[in-house]
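Q: Chains as they are written, first to last, in the working numbering: chain A, 1 to 314; chain B, 1 to 258.
Be careful, since some hints might not be right.
With a Cα cut of at most 25 Å, we get these calculated PhoX-like pairs of lysine-lysine [claimed, not checked]:
# : chain 1 : residue 1 : chain 2 : residue 2
1 : A       : 125       : A       : 114
2 : B       : 258       : A       : 23
3 : B       : 193       : A       : 139
4 : A       : 139       : A       : 125
5 : A       : 142       : B       : 258
Computed footprint of chain A on chain B; a stretch qualifies when at least three of its residues, placed anywhere within it, have a C-beta under 8 Å from a C-beta of chain A [as the list claims (entries may be wrong)]:
# : segment
6 : 5-14
7 : 87-96
8 : 155-163
I should point out that these hints are in silico values taken from the structure, not numbers from a laboratory. Quick reminder that beta carbons are idealized off the backbone N, C-alpha and C, glycines included.
What follows is each chain in one-letter form.
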Amino acid sequence: MPAIEILGLEKTYSVGFWRKRPKCALKPLHLSVEEGEIFGFLGPNGAGKTTTLKMLMGLVFPTGGTARILGMDVNDPRVKAQIGFLPEQPYFYDYLTARELLHYYAQLSAVPAKERAGKIEAILKRVGLPDVGGLQLRKFSKGMLQRVGIAQAILHDPRVVFLDEPMSGLDPMGRREVRDLIEQLKREGKTVFFSTHILSDAEALCDRVAIIHLGELRGVGVVEDLTSSMQGKVEVIWQGTVVPAAIRALGADGHVSGDTVRAVILDKDQEAVIDALRRERLRLIAVTPVRTTLEDYFLQKLKPAEANAAKVMA
Amino acid sequence: MNSRIVSIASNTFREAVRDRVLYNLIAFVLLLVGAAILVGQISIDIERLVVINLGLTAVSLFGVIIAIFIGIGLVSKEIEKRTLYTVLSRPVRRWEFIVGKFFGLAGTLVVNTFFMVLGVAGALLYVSHHLTKPDGWVLVALYFIVLQFLMMTAIALLFSSFSSPLMSAVFAFALFVVGSFAEDLRGFAAIAKGATHWLATGAAYLTPNFSALNVISSVAHGQPVPANLILYNTAYAVFYSLMALSGAVLIFERRNLK
Chain A
1 MPAIEILGLE KTYSVGFWRK RPKCALKPLH LSVEEGEIFG FLGPNGAGKT
51 TTLKMLMGLV FPTGGTARIL GMDVNDPRVK AQIGFLPEQP YFYDYLTARE
101 LLHYYAQLSA VPAKERAGKI EAILKRVGLP DVGGLQLRKF SKGMLQRVGI
151 AQAILHDPRV VFLDEPMSGL DPMGRREVRD LIEQLKREGK TVFFSTHILS
201 DAEALCDRVA IIHLGELRGV GVVEDLTSSM QGKVEVIWQG TVVPAAIRAL
251 GADGHVSGDT VRAVILDKDQ EAVIDALRRE RLRLIAVTPV RTTLEDYFLQ
301 KLKPAEANAA KVMA
Chain B
1 MNSRIVSIAS NTFREAVRDR VLYNLIAFVL LLVGAAILVG QISIDIERLV
51 VINLGLTAVS LFGVIIAIFI GIGLVSKEIE KRTLYTVLSR PVRRWEFIVG
101 KFFGLAGTLV VNTFFMVLGV AGALLYVSHH LTKPDGWVLV ALYFIVLQFL
151 MMTAIALLFS SFSSPLMSAV FAFALFVVGS FAEDLRGFAA IAKGATHWLA
201 TGAAYLTPNF SALNVISSVA HGQPVPANLI LYNTAYAVFY SLMALSGAVL
251 IFERRNLK
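The following block holds chain B by itself, in its conformation from the complex (with noise of 0.2 Å):
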């Protein structure tokens, strides 16, 4: 990765670290881990489903929110605030920026949600007082949760590009919600007839599915996620994001910065 991509992340980076909103979302995820426990407390002989569906759906909600909240500011900020200004008239390309701000974030990401994730390895302990080798599963739903950040990072920053805050958080959220339930939208596509068959196929395959992504239920179950699954989802997640990016570097590179 070229050095200019590597400070832009890092900027990015130390931007959202210093940011106490972050640590406010951070420390009510670890308040939802606790809760977990005290529910599971009295959810006689399901505490560790407990702790594990609540635990790891607070992880991805509030990863998602993390995502949405910082993402839709990453480009649209800059310009409202001019900072970019000063950025874009050095040696630095349009898409190393854009590249820049989703490593940054990326990064920001994956370091909250490795926090989030002791807690829940806490919680799991606590009330488990052992892990055992189910409990390794749990750890592919939570690089699952990781690859849908990636995804709704990149989606925040390709409506960034193009539109003011509120709006990028109003789509990337309705994104988010339409995307949870995507395997519903293609069984519908799927027995739909005509143009909607076409209309619906079409919406199913251009919005993220991230309801492949989610095995937080199978994995508190304790079942196995298949390997064919983790690869087909990598390969999905990593092709989705460099889509929505593309598609970001795409619209920012032709823009005027009034």
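For reference, chain A alone in the conformation it holds in the complex (with noise of 0.2 Å):
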């Protein structure tokens, strides 16, 4: 049984001052995370991660379709006390301490009084927060908070955790640890579900990843297959100080290095690059196959959209 499943859901606001004119926040978005996974979504500002993750947590209703987390339905009461979530962004009551406030969350999730205050020191201490329980939230930084938003988003233990943009506003060590706690949490076989635009923490933690962009589903699978997916590139390095016209008609651009060039073609190209360097007699030092990363395959998929906007606009 998938842990998330998300069938068609699409959301349209009415804006406008008499609320007539549609827009599209989400078009009918197909999904499916398995249990036990890191599932990333990724997507530019705007693109609608945040409006799917308001509608999973119920929060905001879709305009059409369904969505099931651990099978049950998402206004099922029974799947909130399932579930952890992380806002973007998190504020927090600023009048209670963090003890106070993970006290409260507590509560509203029906974590035992018995157990309380033995797990709220527990993952205070597991978020880099031990010494400051009894601190207001007003006197906390955005990147206390953002661990604070963190600990009240798997206090109570929950199967499934879904984590919106949980990277920003941390320092590097911030993302570092946020990072291993991901990983913990997989590790303790949570589905660990979280959006975010910074694309070298996806590329290193998640299992699989979905790339929307205005509202669209762009592509969706496990890292590898969606990069090897892509058309590759190599980088040849010849000796010489000039680009035959032959390259530079390929639309290779040379960067010259003392007595080296180097340029970097597609593939498919790699013959008849070679084969021009042999007409003009040059040597040839090195054909090296360049790593396509997730930003690569990211940026491809977002240039069609943004090409299109482009014709509109024009």
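Hints are included, so try docking the two chains, each in its own frame, into the full complex.
A: Below is the structure:
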């Protein structure tokens, strides 16, 4: 049974003064996340990531479609006891101390009274805030609030954890700690669904990713499969100071450095480039495959929409 | 009452008691009660009347201000600051959130009223030197004031469930003013003809009848409050608050928390 099943979830808002102009925030989305997976939901700002998460949390009502978490409808109250949620840029009741806030959430999540104090202390330690539990949240920095946010999301030991931009506002050390924490959650058998626009985090952490842009799903799969599906590139280095016209015609820019030239070309043009170098009697030094990153894939998936948007604007 | 409503109510209460503005308002009421003693001293033989009138009016007015001031932000502030997201993503139903908020603010107002009443009782004791049986009716007037607070809390929550804090404050305060003259509105409805009659009658029954809950003047004169009025006012306040609260729940249940 998938941990999360999104079955054609869509959202259209009515905007304008008379609320008559429809604005599509999310086109019908179909997605399935298996139990125990770390799933990255990627997209630029305004892509529809937060809208999707809010619909899964029951905060925003979908215009169409349904979603199921652990086999139950998202609006089933039993689901809410099994999930944890960290909103984007979380803000909490700043008149409470971190301990009081977690106590409040523990009550709402029906954590047994006897276990509350112990769980709160353990979770504060786990997110790196063991000594500030008695401090009011208004004195917390953005990074500390983010940690409190993560603490409240996992306090009640949920089976599925939703994190909206969990790394935002954190310094490199903090980001590393959150990454470790997410990996730890996976080891505990939990499903983690997190949205981000920081691709290196997704690449390092996720079993699978989905890319969303302008409310539309652009790709979904294992990171390696997605990147290998892209047309590969190779870096060619030769001795000399000139870029033959035949190579320039392939769209490659050569960078001259001392008495060597480097050019990145498409894999399929490799033979033509080598032939051109032979014809020009230039000595080939190296041909190295260029690793395709998730960022390359991401940018490639975003391009058609941007091109279309540019056409519409024109 | 379920534990989630209790948790939300106690958190709302805690938020209110940690707000300094609340203490300033209570201090101001106590200052007014103190001023009532001074005014009483220059009013020959009617010190008691002045203290009860001024004291209870101050308690009522400032209680309503607190109810509106806190009530209008109960839902909208939580949406604006996104604190609601982490609450509603837990096993909390939306109606539980609204009901919890209502009881939290109602509890705050009852506790505030208790402290403000201590001030009024102290002032009364200061000018009369002893409390008499007619002073007991002051407690009934205070009970009606608390009923008024409950209604205002429900009204503020209703507006807060769909409007911005500023607009909610304007609507709630306007309704309070209209409600304070509800008897006049009903009188006008009775003498009006045609469509005006129906419109005025509709408006008169929709607006909260705060004038029926105001017995300050009669208890200040030592007049008793009939038992059936106490019963009627209690039933009316509970019914009106329930209606306003149901409205708030109905709106909030359908609201997208963007």
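Q: Determine which of the earlier numbered hints do not hold for this structure and return their numbers in increasing order.
A: Numbers 3 and 8 - these are the hints that the structure violates, sorted from lowest upward.
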